[in-house]
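Protein chains in written order, with our numbering: chain A, 3 to 172; chain B, 42 to 109.
One should not assume that every hint holds.
[What the hints assert, rightly or not] Below, in silico cross-link-like pairs of lysine-lysine (DSSO-like), each with a Cα-Cα straight-line distance of 30 angstroms or less:
1) A:K14 to A:K43
2) A:K14 to A:K144
3) B:K92 to A:K115
4) A:K43 to B:K92
5) A:K14 to A:K115
6) A:K144 to A:K79
[Claimed, not checked] Partial chain B-side listing against chain A, Cβ under 7 angstroms, derived:
7) M42
8) L43
9) V44
10) G52
11) S53
12) V54
13) G61
14) A66
15) A69
16) V82
17) F84
Read the hints as simulated data drawn from the structure, not as lab findings. From a predicted model like this one, the values you see are computed outputs, not experimental measurements. Every residue, glycine too, gets a C-beta built ideally from N, C-alpha and C.
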Amino acid sequence: MPCNLVAVRTAKAVVDPRLVLDNPQMLEGVKTLVAQIVGTKPEHVTAYNDKRGTAWGQGWNQWRQNHTITETIPAEKLVGGAYVDWVCDQCAVRLERDGTLTFRDGWDLPASKHFTPEQADAILTQLNAAFNQLLGVLFQQKVQQIVASQFALQNAQYAANGALVLTVEV
Amino acid sequence: MLVSLVIGTAGSVAFAVGQGDFEQASAALQQIARELQMRGVNFESMGDIEKHRHDHEHETAHTTVGQT
């Protein structure tokens with residue numbers, strides 16, 4: 003922030019997980035993010051939640067008996083749920099509305115586990131960083147969209163530290 | 042009046058006006074914050090609007106409580 007400003011104000015906003023959970027494009031895009039981190043292909047990741055599909059665990063195993071792993075639930079039908087699970091053959095990732103992020107290795111049977119506890123911790127750490135980065139960018143985009151819709155946006159550019167710098171005419 | 046916003050990835054937002062008088066600048070900053078709040082940006086904290094003369098000198102009033 004430069005010196006000799008007429009007025010300055012700082013604020014802290016809540017970066018809301020709904021930026022992903024209520025965004026069909028992001029629900030699809032996260033499949034690629036999850037696939038890269040857990041080491042599978044995006045087409046092997048299915049997204050579902052309490053509105054479509056069933057809870058993970060026993061419910062998930064039962065659900066899979068009647069569905070192929072490549073079946074796609076339209077992302078629009080997942081919007082508005084309490085959480086979203088991104089599930090592949092090996093594991094699942096759940097994002098809840100309060101921001102809780104959970105990584106689940108395998109299913110009900112011990113034989114279904116694919117990762118050591120250390121590997122699972124490392125994956126969760128990577129997932130946490132990736133989701134925070136994604137939510138941060140979505141938050142920046144949301145602020146930019148609001149500002150551009152209400153005021154005359156003169157300039158927008160990213161700083162080296164990842165901050166988005168907007169100049170608007172009010 | 043030109044207003045700068047610096048938006049961090051963790052939810053920090055800094056608003057600043059470089060030219061004009063303080064009252065007009067203050068009104069502009071309040072207007073932007075109000076628009077953001079009305080359109081779904083939930084601020085968990087919002088600082089006072091200050092003049093920013095240089096790095097460590099702001100025109101704010103300070104007091105201390107709880108000391109004897």
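Hint by hint, here is what the structure shows:
no., hint, result
1, A:K14 to A:K43, "violated, 37 angstroms"
2, A:K14 to A:K144, "holds, 15 angstroms"
3, B:K92 to A:K115, "violated, 58 angstroms"
4, A:K43 to B:K92, "violated, 53 angstroms"
5, A:K14 to A:K115, "violated, 40 angstroms"
6, A:K144 to A:K79, "holds, 22 angstroms"
7, M42, "holds, 5 angstroms"
8, L43, "holds, 6 angstroms"
9, V44, "holds, 5 angstroms"
10, G52, "holds, 4 angstroms"
11, S53, "holds, 6 angstroms"
12, V54, "holds, 5 angstroms"
13, G61, "holds, 5 angstroms"
14, A66, "holds, 4 angstroms"
15, A69, "holds, 4 angstroms"
16, V82, "holds, 5 angstroms"
17, F84, "holds, 5 angstroms"
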